[in-house]
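Enquirer: Listed below are the residues making up each chain.
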Amino acid sequence: MTDLTRRRFLSASAALAAAGLGLPMIGRAAPKARVVVVGGGYAGAIAAKYLQRTAPEIRVTLIEKSPYYVSCPLSNEVLSGERDLDSLTFDYRGLTRRGINVMQDEIVEVDPAQHFVRGAGGNRYNYDRLVIAPGVDYRWDAIDGMTEAAAEVVPHAWKAGPQTELLRRQLEAMDDGGVFIIVAPPNPFRCPPGPYERAAQVAHYFKVHKPKSKILLLDAKDAFSKQALFQAGWKAHYGDMIEWVPGAAGGIVEGIDPDSRTLIGQVDDYPGDVVNLIPHQRAGKLAQVAGLADDSGWCPVDPRSFESTIHPDIHVIGDACIAGAMPKSGYAANSQGKVCAAAIAAALNGDPLPAPSYVNTCYSLIAPDHGISVAGVYELNDGAIVGVPDSGGVSPADADARTRAIEAKFARSWFSNITADMFT
Amino acid sequence: MPRPLRTASTSSPTGRFWLAAGIAAALALGAAGAPASDVRSAPMLANTCAGCHGTDGASAGDYMPTIGGLAKGYLFEVMSDYKTGLRPSTIMGRIMRGYSDQEIWAIADFYASRPWVSTDRIGEAAAVHVGEQIHEQQCATCHEDGGRAQDDDSPRLAGQWSEYTLYALENCREQGKRCSPRKMGLRVMDLSDEELTSLADYYESQK
Ligand SMILES: Cc1cc2nc3c(=O)[nH]c(=O)nc-3n(C[C@H](O)[C@H](O)[C@H](O)COP(=O)(O)OP(=O)(O)OC[C@H]3O[C@@H](n4cnc5c(N)ncnc54)[C@H](O)[C@@H]3O)c2cc1C
Numbered sequence: 018m019t020d021l022t023r024r025r026f027l028s029a030s031a032a033l034a035a036a037g038l039g040l041p042m043i044g045r046a047a048p049k050a051r052v053v054v055v056g057g058g059y060a061g062a063i064a065a066k067y068l069q070r071t072a073p074e075i076r077v078t079l080i081e082k083s084p085y086y087v088s089c090p091l092s093n094e095v096l097s098g099e100r101d102l103d104s105l106t107f108d109y110r111g112l113t114r115r116g117i118n119v120m121q122d123e124i125v126e127v128d129p130a131q132h133f134v135r136g137a138g139g140n141r142y143n144y145d146r147l148v149i150a151p152g153v154d155y156r157w158d159a160i161d162g163m164t165e166a167a168a169e170v171v172p173h174a175w176k177a178g179p180q181t182e183l184l185r186r187q188l189e190a191m192d193d194g195g196v197f198i199i200v201a202p203p204n205p206f207r208c209p210p211g212p213y214e215r216a217a218q219v220a221h222y223f224k225v226h227k228p229k230s231k232i233l234l235l236d237a238k239d240a241f242s243k244q245a246l247f248q249a250g251w252k253a254h255y256g257d258m259i260e261w262v263p264g265a266a267g268g269i270v271e272g273i274d275p276d277s278r279t280l281i282g283q284v285d286d287y288p289g290d291v292v293n294l295i296p297h298q299r300a301g302k303l304a305q306v307a308g309l310a311d312d313s314g315w316c317p318v319d320p321r322s323f324e325s326t327i328h329p330d331i332h333v334i335g336d337a338c339i340a341g342a343m344p345k346s347g348y349a350a351n352s353q354g355k356v357c358a359a360a361i362a363a364a365l366n367g368d369p370l371p372a373p374s375y376v377n378t379c380y381s382l383i384a385p386d387h388g389i390s391v392a393g394v395y396e397l398n399d400g401a402i403v404g405v406p407d408s409g410g411v412s413p414a415d416a417d418a419r420t421r422a423i424e425a426k427f428a429r430s431w432f433s434n435i436t437a438d439m440f441t
Numbered sequence: 383m384p385r386p387l388r389t390a391s392t393s394s395p396t397g398r399f400w401l402a403a404g405i406a407a408a409l410a411l412g413a414a415g416a417p418a419s420d421v422r423s424a425p426m427l428a429n430t431c432a433g434c435h436g437t438d439g440a441s442a443g444d445y446m447p448t449i450g451g452l453a454k455g456y457l458f459e460v461m462s463d464y465k466t467g468l469r470p471s472t473i474m475g476r477i478m479r480g481y482s483d484q485e486i487w488a489i490a491d492f493y494a495s496r497p498w499v500s501t502d503r504i505g506e507a508a509a510v511h512v513g514e515q516i517h518e519q520q521c522a523t524c525h526e527d528g529g530r531a532q533d534d535d536s537p538r539l540a541g542q543w544s545e546y547t548l549y550a551l552e553n554c555r556e557q558g559k560r561c562s563p564r565k566m567g568l569r570v571m572d573l574s575d576e577e578l579t580s581l582a583d584y585y586e587s588q589k
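The listed protein sequences correspond, in order, to chains A and B. Residue numbers for the first sequence, in this note's numbering: 18 to 441. Residue numbers for the second sequence, in this note's numbering: 383 to 589.
Please keep in mind that the hints were generated in silico from the structure rather than gathered at the bench. It is possible that some hints are incorrect.
[As the list claims (entries may be wrong)] From the structure, some residues in chain B lie toward chain A, with a derived Cβ separation under 10 Å:
#: 1; residue: 423
#: 2; residue: 446
#: 3; residue: 496
#: 4; residue: 497
#: 5; residue: 498
#: 6; residue: 500
#: 7; residue: 565
#: 8; residue: 567
#: 9; residue: 568
All C-beta atoms, glycine included, are put in the ideal place defined by N, C-alpha and C.
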C-alpha cells in the first residue's frame, strides 16, 4: 500500500472514532480497524496472513477451535501407510509471529447487526469485517440410518484427524479377501477427486498386504473429476481391484445398517467388511447458525469480495461458499482467501474493490510414483467466476511414466508450499 | 485476449525483451484511462502462484522452483514460452494460457521485485565436485559467478533446489539440439545422469 492510502485510511478511522465518542482527536492514537477471521484452515489462515501483510494497519484476529491444524490434502496417503498424520499437522506460531492475534476458541454465535461474534466460553470479539471459513458440515439425514455416532463405526475420514486413523486401523484389521466400500457423495462436496484418489491409495496398500481384497466405489454420480485418468491409472496399477458403480447403475445409497456394515442401495444391498461413508455435505455449522447459507446449504457471496449477499460486512470463503466454477479444494480456498483479503483492505481504505484473479489446482496420487493434476485459471465475467477460455485442464491421457512420476513429486512440493504459504 | 507474441522478428532474446518493454508502456497508458478495478493488479495475479511456488516465490518444496528474484525479462520469456508450448511443462502451460501478455508482464514484474531466497540446505563437497568441474569447463561462460549471475536471458541457478534444476537439465537433455539455447543443449546432451545430478547439487550449494 502506498503512503497516501495508508494516511487516508488512518485519518478516516480516526475521524470515525472521534465522531462516535465525541472526543477530541488530538493526542489519541487512532483505533485500528478490526478484522476477525473464524476458522484457520486453507481459506482462513491465508486470509489472515495476506490481510496482515498487505494492510498492517488493520488488526487481524484469527479464531480457530483447535490448537493445531491437520491437513486433508495428502491424508489419503495415511490410509495407504505412505505417511503419518504428524506430517500433515501444523500449528499457528508462524502466524502469531507475523503479528496476528491467534485465539483458540469455538465461535458459537454471530451477531451481524451488532458486529460481534461470541466464543463457547462467552468471549466476545467485535469486528468491522468478519471472515467466516468453517469448512463443511455433514447432512446426516440424507442417508437413512447414518448418524454422527455411526461414523465411529463407519468412518467418513473427510476431516483429517482421528477419523483418518480410525479408518486406517479398520483397513489394517481387515482380512485379506475382504470388501472395502467407499460411498461417494453427490455434488457439490469437498475435494471432487478425493474419493477416487482414496480408492487408489487403499488399493496400493491392499496390493502389497491384502491382494485378494476388493474395493467397491458406490457413487451418487454418473461421472467424476479426472475420471479417464483415474480409471486408466487404477487399471494399470491395480487391475480389477477397484470397481466403480455409478449412480445410474445402482450406486446411489439410500440407507445403511452400521452394525452389519451393509449399505442399502436403490437396487441392491451391499455388505462390506470396512465401510467408508462420505456423507452429503453443506457449509460448516457456523455458517448455518449465522444464517449465511441459502436453501442449497451453501453460502452465496459476491465473487469480487466474497462478502455474503445475505449479511453485509461478513465474508465467507473456502468450502462453505458458492464460488461459481471453482471446486471445493484447498487451492481454491487459498486463492479465495487472497481475493477476500485484498477486497477487505480496499473496502476499509475506501478504495474501489480490486479486479479478482483466481486459480485452482488439484494433484492426485494414484500410486507413489503416479501423479495426475487438474488446473484452472478463473476470472470474473458478468458477476460470475468462470474459467478463462483455452486455459487449465487435466494432465494428458498419454503422458509417459516419467511425467507421471514427476507430477507425484510436484504434488508433494505443492503441499510443502501451500502449507508454508498458510503457516509461516 | 491478445494472441501470443512470438513471431520470427521477435524470437531473439533481446527482441523479446524490447517487445515486453513496449507492452509495459502500453499497459501503463491503458491503466491511466481505465477504472482501477478493471485491471487485475500485479499482486492480485501473482499471489495465486504462491500455492505452488511459495509466498513471494520462495519455494519451500524441493521440486518446485524458486521464482522470486529472477530477472523480469527472463520471467516474461519463460512464462510466454510455457503459454505457447515452446517450453515443455507438466502444468505451467495449462496455467499460463489463462493470462494475457500484459498480465504476464505484470506478474514478471512482481516476482522480479521479490528477494531471491536460496535454499537452506548445505552442500556436500564430495557430491558437488564433478559438477563444479563441468560447470567451469562448459557452463561458466554463460552462467557466471557459480551460477549467481543472471540477466533477462538466463536465470540464476545458485541456491535453486537441486531437484528442480535436475528436472530442468533432464528436459534439456531430452530435447538435445532443440533445447534453448542450442549451445547449452549441445553440451547437456552428452552428460550422464551422475553428471547432471552433480551439477544440480553444485548449483544449489552456491548460495
Ligand atoms: C481426503 C481429502 C483429500 C483432499 N485433497 C486435496 C488436495 O489434494 N488438494 C486440494 O486443494 N484440496 C484437497 N482437499 C480439500 C481441502 O481439504 C478443502 O477444500 C479445504 O480444507 C477447505 O478449506 P477451508 O478453509 O474451507 O476448510 P478447512 O480447511 O476445513 O478449515 C476450517 C477450519 O475452521 C475451523 N472451525 C470450524 N468451525 C469453527 C468455529 N465455530 N469456531 C472456530 N473454528 C472453527 C476448523 O477447526 C478448521 O480448522 C482434500 C479433502 C479431503 C477430505
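Enquirer: Going through the earlier hints one by one, which of them does the structure break, listed in rising order?
Expert: 3, 4, 5, 6, 7, 8, 9
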